[in-house]
Amino acid sequence: MNQQKMESISFLRVISTCMIIICHFLQFYGNELAYWFNVGVQIFLLISGFLFGQKVIDKIGKFYKKRLLRILVDYYLYIIVVIPLYWIFHKEVISFYATIKQILCLSCLPGLNHLWFIRTIILCYLITPFLQKIFKNGKKEVFFGIEVFVFFIFITGKFFTSAWINCYIMGYFFGKQFKERGNGVIKDFSRIAIPVAVIMNGSQIVVDYILKLEFTGEWSYAFQVWTEYSHVFLAVAFFGIVMQLYKDKQNMIYKDFLNFFDRHSYDIYIVHHIYILGPFSLLSQDKLGGGENCVCSSNNSINSPNTYE
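Start counting at 1 in the sequence shown, then tack on 66, and there's your number in my numbering.
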């Protein structure tokens, strides 16, 4: 990948990080716009899949070790500090069982809801070597890609948001095509993603804000899935537009800023949420936010750019 494309990805990371932080501020104040800023996590999953789609994994064990260490070391350093603070200052929201589940990445304490991402990206890393094998045969690439896409819709629903897993898979397929066909593939994918994103998100706006329809039962679940994939295609469209329009900057201060943000964004991601929506919120010392039913779902927090490379 050339330098301009790498810089455009760094730019996407910065914008996506800002979008997620803004999302959480808006979520704190109950502003409906929070929902439309939470597409950052989908963009990062696309970036992750896109980059790994262009790489060759020779040693699976070494790949797993490197990726898991990069994700889990900072995660555990953070919760080792934070969990005792919960026990000291906010015993009402923590228990032994909740602590164990947080350590095992099975659930999240109030204020740590964004850490749902840890188990999601771990699953994405675990399936990456298998994606490499599946996509190895070019003639069967599209068929197997679709099969994998559908497969994960069914098997991950109870433990993960399957749309986000499939977002990573789409990014991986995108990266494989980019490696083989070059810049033209970005334009081709954008031609599909932009109208799909407009149609899906446009219909969601009509249902939510104009008709103000409320669904129950299976229809409610179906609409939820629709909105999740609306965000996926919105991310793909945004990704494609930026990758096409971004121009390399010669300003060294700007480049240094991008590099700095890349190096430290994972730490920013891990720690920021608790100070906005958690029990240690700087906006309100007595508000526990960020739950599953908030305007900006905890499943839409941002991921670190550094975990993608």
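Where hints are given, some of them may not hold.
[Said to hold, decoys possible] Here are the simulated DSBU-like pairs of lysine-lysine, each with C-alpha atoms no more than 30 Å apart in a straight line:
| id | residue 1 | residue 2 |
| --- | --- | --- |
| 1 | Lys121 | Lys131 |
| 2 | Lys245 | Lys167 |
| 3 | Lys132 | Lys167 |
These are computed hints drawn from the structure, not numbers from a lab.
Checklist entry - Is it true that the CA of lysine 121 sits at most 30 Å from the CA of lysine 131? => result Roughly 16 Å between the alpha carbons, so the hint for lysine 121 and lysine 131 holds.
Checklist entry - Given the proposed pairing of lysine 245 with lysine 167, does the C-alpha separation stay at or below 30 Å? => result Cα-Cα ~40 Å, so violated.
Checklist entry - Under the criterion that the straight-line Cα-Cα distance not exceed 30 Å, is the pair lysine 132, lysine 167 satisfied? => result Satisfied, since the Cα-Cα distance of roughly 24 Å is no more than 30 Å.
Violated hint for the displayed structure: number 2, the only one.
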